[in-house]
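Novice: Sequence:
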Amino acid sequence: MTIQQTSEFSATSEETIQKISTELSTSDRKYRVFMAIYSGGNKPKNAAALATITGLSEMVVLQLATPMAHQQYFEKLKHNGLVAFRKHPHINAVRHTILRLAKSPKKLGQHV
184 MTIQQTSEFS
194 ATSEETIQKI
204 STELSTSDRK
214 YRVFMAIYSG
224 GNKPKNAAAL
234 ATITGLSEMV
244 VLQLATPMAH
254 QQYFEKLKHN
264 GLVAFRKHPH
274 INAVRHTILR
284 LAKSPKKLGQ
294 HV
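If you use the numbering used here, the sequence shown corresponds to residues 184 to 295, in order.
If you're looking for bench data, these hints aren't it; they were derived computationally from the structure. For glycine and all other residues, C-beta sits at the position ideal for the given N, C-alpha and C. Don't take every hint at face value.
[Said to hold, decoys possible] List time: in silico DSBU-like cross-link candidates among lysine-lysine, alpha-carbon distance up to 35 Å:
hint: 1; residue 1: K286; residue 2: K261
hint: 2; residue 1: K213; residue 2: K259
hint: 3; residue 1: K261; residue 2: K213
hint: 4; residue 1: K286; residue 2: K202
hint: 5; residue 1: K202; residue 2: K226
hint: 6; residue 1: K202; residue 2: K213
[Stated by the list, open to error] Label pairs and their in silico Cβ distance ranges:
hint: 7; residue 1: E258; residue 2: H279; range: 14 to 22 Å
hint: 8; residue 1: T235; residue 2: E198; range: 28 to 36 Å
hint: 9; residue 1: T249; residue 2: D211; range: 13 to 21 Å
hint: 10; residue 1: E241; residue 2: T195; range: 30 to 38 Å
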């Protein structure tokens, strides 16, 4: 399932939360990138900043973050002439649930 239009309803639906958390639970590197983008303020983070936070190379960050941005887990944009990523406010509202489920993948209904 790909989120076509990010809205409060679609981003916080049980199906969307489960999909994102399941994908993050399959890869520690994806989990670290997602967590780095959703940590701190709303300022966009470029690959160099994310590489520092995650301990991954800039190339790996871009290879992991770009497909996740296309799936609308967060927003991909240009910031100061560089590719950067910024959190979606609606997904930000449920990020703790997503991250908790990604570390302990159980049915969503058991956690909410």
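Novice: Could you work out which of the previously given hints the structure breaks and list their numbers from low to high?
Specialist: No hint contradicted; all consistent.
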